[in-house]
Structure formats: C-alpha cells, structure tokens
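Going by our numbering, the letters in the sequence shown line up with residues 36 to 171, in that order.
Keep in mind that the hints were calculated from the coordinates and are not lab data. Predicted model only: the values in this text are computed from it and were never measured. Don't be surprised by glycine CBs; every beta carbon is placed ideally from N, CA and C. Treat the hints with care, since some could be wrong.
[Said to hold, decoys possible] Lysine-lysine pairs mimicking DSS-like chemistry, simulated, CA-CA at most 30 Å apart:
| hint | residue 1 | residue 2 |
| --- | --- | --- |
| 1 | K149 | K161 |
| 2 | K59 | K86 |
| 3 | K132 | K119 |
| 4 | K59 | K87 |
| 5 | K119 | K105 |
| 6 | K87 | K71 |
| 7 | K97 | K86 |
| 8 | K103 | K119 |
| 9 | K86 | K105 |
| 10 | K71 | K86 |
| 11 | K132 | K105 |
| 12 | K87 | K97 |
| 13 | K71 | K59 |
| 14 | K103 | K87 |
[Claimed, not checked] Label-pair ranges, simulated between beta-carbon atoms:
| hint | residue 1 | residue 2 | range |
| --- | --- | --- | --- |
| 15 | K86 | E64 | 48 to 58 Å |
| 16 | Y111 | K86 | 32 to 42 Å |
| 17 | E138 | Q160 | 56 to 66 Å |
| 18 | N83 | C56 | 26 to 36 Å |
| 19 | K86 | E65 | 45 to 55 Å |
| 20 | A144 | E114 | 23 to 33 Å |
| 21 | A115 | F93 | 32 to 42 Å |
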Amino acid sequence: SSPTGYGDCEVVKLERGFAGCNYKDMTGEECFAQAKALVAPLHGYFSNQDKKYEALRFECAKFTAATKAKVAECAYLQEAVNAKVMETNEQAEEFNKAAENTEANCRTACADYKECRAKTISAYQKVVGPCETTSS
C-alpha cells in the first residue's frame with residue numbers, strides 16, 4: 036500500500052516544476068510552446084501507462100466473465116447437491132418409518148405369540164395337567 040492510498044503510484048518528475056511565462060518577454064504562442072515542450076517527455080510515459088491500463092482492463096474483463104461463469108456453475112452444482120440432500124432425507128425418512136412399522140409389527144407378533152402360547156399351555160394343562168399331577 037502506498038503512502039498516497041492510491042496503490043503503487045510512480046513519481047514522474049518534470050525537468051522544471053514551474054511553467055510560468057513572462058508575457059512581457061514572450062508571446063502567447065511562445066509561452067504555449069514552452070509549456071508544451073516541458074510536458075512533451077511525459078507523452079511517452081502516459082501513452083505507455085495507458086496501454087498497461089487497457090491490458091489490465093481487458094484481463095479484468097476476462098476474469099470477470101470467468102468469475103460469473105464459475106458462480107453460475109457453483110449455483111447449478113449447489114442446486115444439484117440440495118436436490119440430492121433432499122432426496123436422501125426423504126429416503127431416510129421412509130427407512131425410519133419402515134423400521135418403526137417393522138418394530139410395531141414385531142411387537143404385535145410377539146404379543147400374539149405370547150397370548151397364543153399362554154392359551155396353548157392352558158389348554159395343554161387342562162388335558163394333560165391332571166395326569167402329570169397324579170404321576171408326580
């Protein structure tokens with residue numbers, strides 16, 4: 036960062052820092068020619084700087100377009116990821132519901148088995164029970 040706050044600025048020095056004109060000694064055309072001669076060496080410098088600026092502006096435009104394309108690609112891919120996440124969440128929810136249904140069915144089947152087993156044991160004891168009781 037430069038002390039001026041404008042990035043990396045170059046200092047361009049003139050041969051003379053003042054282009055004043057004494058109109059008593061010189062005509063307006065002579066004063067203009069003197070001032071023009073004073074800044075003439077700067078023409079090449081500013082022409083070169085202008086070329087550098089245009090090259091950087093062109094490069095910036097390329098990167099801006101590439102950045103916009105990358106942002107659009109990222110947005111598209113984010114939508115695809117979001118869709119996959121939503122699909123996966125839906126599948127997980129279906130799986131969890133199926134697991135809950137399976138658990139409920141198992142509990143029901145278990146309860147039915149216990150009830151059937153209790154009835155079977157009771158019926159068995161009614162038929163065989165007295166025999167076993169007397170044989171012991």
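Tested hints:
1. Between K149 and K161, the direct Cα distance comes to roughly 18 Å. Compliance with the 30 Å bound is thereby established for this hinted pair.
2. Restraint check: the Cα-Cα separation between K59 and K86 comes to about 41 Å, which exceeds 30 Å; the hinted pair is violated.
3. Between K132 and K119 the alpha-carbon distance is near 20 Å, which keeps this suggested pair within the 30 Å criterion.
4. Distance hint between K59 and K87 is unfulfilled; the C-alpha atoms sit about 43 Å from each other, more than 30 Å.
5. For a cut-off of 30 Å, the pair hint linking K119 to K105 stands: about 21 Å separates their Cα positions.
6. Pair hint K87 plus K71 holds up; C-alpha atoms about 24 Å apart against a cutoff of 30 Å.
7. Using a Cα cut-off of 30 Å, the hinted pair K97 and K86 holds, with the two alpha carbons roughly 17 Å apart.
8. Of the supplied pair hints, the one linking K103 and K119 holds, its CA atoms being roughly 24 Å apart against a limit of 30 Å.
9. As the CA atoms of K86 and K105 are separated by approximately 29 Å, the hinted pair is consistent with the 30 Å bound.
10. Restraint check for K71 and K86: satisfied, since their Cα atoms lie roughly 22 Å apart, inside the 30 Å limit.
11. For the hint pairing K132 with K105, the CA-to-CA distance comes to about 40 Å; that exceeds 30 Å, so the pair is violated.
12. For the hint pairing K87 with K97, the CA-to-CA distance comes to about 15 Å; that is within 30 Å, so the pair holds.
13. As the CA atoms of K71 and K59 are separated by approximately 19 Å, the hinted pair is consistent with the 30 Å bound.
14. Taking the CA atoms of K103 and K87, the gap is about 24 Å. The hint holds against a cut of 30 Å.
15. For the hinted restraint 48 to 58 Å between K86 and E64, the CB-CB distance of approximately 32 Å leaves it violated.
16. Taking 32 to 42 Å as the suggested C-beta distance range, the pair Y111 and K86 conforms, at roughly 38 Å.
17. Take E138 and Q160: their Cβ atoms lie about 33 Å apart, and the range 56 to 66 Å is violated.
18. Hint check: N83 to C56, Cβ distance near 29 Å, so the stated range 26 to 36 Å holds.
19. At roughly 33 Å, the beta carbons of K86 and E65 sit outside the given window of 45 to 55 Å.
20. A144 and E114 have their C-beta atoms about 45 Å apart, which leaves the hinted 23 to 33 Å range violated.
21. Between A115 and F93 the C-beta distance comes to about 33 Å, which sits within the given range of 32 to 42 Å.
Consistency with the previously given hints fails for numbers 2, 4, 11, 15, 17, 19, 20, ordered from lowest to highest.
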